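> Each chain, written out:
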Amino acid sequence: MIIVQTPLRISLFGGGTDFRAFFMQEGGCVLSTAIDKYIFVTIKERFDNKLRIGYTQTEMVDDIDQIHHDLIRESLRLTGIDHGVEITTMADIPSEGSGLGSSSTVTVGALHAMYAYLGEIVPAERLAREACTIEIETLHRPMGIQDQYIAAYGGLRFFEFLPNGQVTTEKIRLSSEAQRALNNNFMLFFTGVSRRSSSILQEQVDNLKDRLNELREIKQMAHEARCAIETENFDSLGTLLHRSWELKKRLAGTISNGPINEMYEAARSAGALGGKISGAGGGGFLLLYVPWEFQNKVRMALNGLQELPFRLEEDGTKAIFNYRRS
Amino acid sequence: MEIIQNYISVLQRTMDQLSRESIAAVIDVLQQARTKGSQIFVLGNGGSASTASHFACDLSKNTRQEGLPHFRAIALTDNMALFSAYANDEGYENVFSEQLASLIKPEDIVIAISASGNSKNVIKAVEAAHQYRATVIGFTGFDGGYLKPLVDINIHVNSDIIEHVEDIHLMLEHLIVKTIKDQFRSSVNVRTLPEQMPAESFAD
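Residue numbers (numbering that gives the first Met the number 0), protein chains in the order written: chain A, 0 to 325; chain B, 0 to 203.
A hint or two may mislead.
[Claimed, not checked] Listed next, the in silico DSS-like pairs over lysine-lysine satisfying Cα-Cα at most 25 Å (straight line):
| id | chain 1 | residue 1 | chain 2 | residue 2 |
| --- | --- | --- | --- | --- |
| 1 | A | Lys43 | B | Lys104 |
| 2 | B | Lys60 | B | Lys119 |
| 3 | B | Lys147 | A | Lys317 |
[As the list claims (entries may be wrong)] Among the chain B residues that face chain A by a calculated CB cut under 8 Å, a handful are:
| id | residue |
| --- | --- |
| 4 | Gly66 |
| 5 | Pro105 |
| 6 | Glu106 |
[As the list claims (entries may be wrong)] Label-pair restraints from in silico Cβ distances:
| id | chain 1 | residue 1 | chain 2 | residue 2 | range |
| --- | --- | --- | --- | --- | --- |
| 7 | A | Ser193 | B | Thr178 | 45 to 55 Å |
| 8 | B | Asp88 | A | Glu95 | 51 to 61 Å |
| 9 | B | Ser18 | A | Gln24 | 23 to 33 Å |
| 10 | A | Glu44 | B | Ala86 | 41 to 51 Å |
Everything labelled a hint here was simulated from the structure, so no lab data went into it. The structure displayed is predicted, hence computed values, not measured ones. In this text, a Cβ means the ideal position worked out from N, Cα and C, and glycines have one as well.
My request is simple: use the sequences and hints to build the entire structure.
Okay, structure coming up:
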C-alpha cells in the first residue's frame with residue numbers, strides 16, 4: 000500500500016507563456032506556488048489480476064484499454080503496470096474545473112505512486128516531464144507545461160521555459176516575514192462555477208499568434224513580480240496581479256465573464272489590490288490579494304462565496320506512506 | 000618509518016578486498032528508503048558510535064537535492080539523556096533496541112556498525128529490527144562475529160586490526176554518501192523536454 004500526496008497550485012504570473020507554441024519561439028516564464036491542498040493517490044496490489052480504479056466513479060476492468068479515466072490509464076501504460084492493482088484518488092477539493100491544476104496534480108501523483116510501486120527512484124524532473132508527455136502528447140490536451148512542474152517540485156517557484164525545450168526552476172526563498180505576508184494577504188474564493196479548461200485553453204491556443212504582445216508583457220510581469228517578492232514589496236505585488244489579470248482577459252474571451260467581473264470589481268472596491276481567476280479562467284477559484292485590514296470587508300462584499308483558507312506548501316509530490324506486506 | 004609504511008600498505012590491501020557488490024547493494028537499499036520515506040537508524044559503540052553519528056549527519060545533509068526526497072536518518076548514539084536512561088535503568092545491552100522499539104516501522108533501515116560483530120547492544124538492536132520487519136545493514140570487521148550472519152546485507156572489512164576496520168567503516172560511509180550525491184546529479188539542474196515534441200505540432 001502506497002499513498003502519494005501531491006499539492007495543487009495557484010498560478011500567479013506568466014500563465015500562457017508556458018504554451019509550447021509560445022515558449023519554443025521566444026521563451027516563457029511563470030511564477031507559481033504549491034498550496035496546502037492536495038490530491039492523494041493510493042496504489043495497492045490485488046489478489047487477482049484485475050484493475051480497479053476508484054474516483055468519483057469506480058471502474059473494475061481486466062485490461063488497461065478499458066479504463067475510462069484517461070490520466071490513470073495513460074500513466075499505467077507509461078509505467079508498464081498492466082494488471083493486479085487497485086488505484087484510488089482523493090482530493091481536498093472537488094477536482095473537476097477548480098483551476099488549481101488538478102489534472103496535472105493527479106497525473107504527477109499517479110506516476111509517482113506507480114513508480115514507487117515498482118520500486119523505482121524517479122526525480123521530480125522526470126515525473127513532470129512524463130506528465131507533460133501524457134497530457135499534451137498522448138491526450139492532446141491544449142495546455143501549458145507549468146502545472147506538471149509545480150506539482151512535482153512544490154514550493155513558490157519561478158520557472159523558465161527556454162526555446163530549446165529546456166525547463167529551469169528556482170525556488171524562491173522567503174524570509175519568515177515574507178512567508179507570513181503572503182500567507183496572510185492571499186484569499187481564495189470558489190466562484191461557484193466549475194468549468195472545463197480545455198475549451199478556454201483551446202481558444203487561447205487559437206488566438207496565440209495575435210496575442211504575442213500581451214504574452215510578452217505577461218512574461219515581463221512575471222519577472223517584475225518575482226522582483227517584488229524578493230524585495231518584499233508586497234503591495235506592488237497586488238497591483239501587478241491586477242494589471243496582469245486585465246491583460247490576461249484579452250488572451251481569450253472566455254477567461255472572464257459577467258459574474259466573475261462583478262465579483263472581482265466588488266472585491267476591488269472593498270479593498271483588494273488585485274487578483275485573478277486561478278488557472279485557465281472561466282470559473283473555479285478566484286485569488287485575491289487583500290491587505291489584512293480589508294479582508295473582512297472583502298468577505299462581506301463577496302457575500303455568499305465560499306472561502307478556501309490556504310497556505311503556501313513547501314513540498315512537491317511525496318510518498319507519505321509506503322508499506323508492502325510481503 | 001617502516002611502521003608507518005606498513006600501516007598504509009596493509010590498509011590499502013584490506014580496502015582492495017572490499018566487496019563492491021555489497022556496497023552497491025547497500026546504496027540501492029538506501030535510495031529505496033529515500034523514495035519510500037523510510038527512516039534510517041545508525042548505531043554502534045565507541046569509534047563505531049562516532050561513525051554512526053557521522054553517517055546520519057552526512058546522509059541527512061549532504062545528499063539533499065532539488066526534486067528528490069530527503070533522507071530521514073538519525074543515529075541512536077546522539078541522545079545522551081535517553082541513551083544513559085536506558086543504560087542505567089534497563090541495562091547497557093538495551094540502549095539501542097529500546098530506542099528502536101519507540102521509533103521503528105516496517106521497511107525502515109537499521110545500519111549496525113560493529114568491528115568485532117559481538118557487541119551485545121548491537122545484536123539486540125538487530126534482533127529488534129528483524130522483529131519489526133526492518134532491513135538490516137551491517138558494517139563488520141575481524142571474523143564478522145555474531146552480527147555478520149544476522150544482517151540482510153553486510154559489508155565486511157577483512158582485517159583484525161581495529162584501527163583499520165574503523166578507518167574503512169568511515170571511508171565506506173563517505174563512499175556511500177558521495178555515490179548517492181552523484182547518482183542523480185546530471186538530471187537535476189536542467190530539465191529537457193522529450194525531443195519528439197516539436198513546437199510546430201502545438202502552434203496550429
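> Which of the stated hints cannot be reconciled with the structure, identified by number in ascending sequence?
2, 3 and 9
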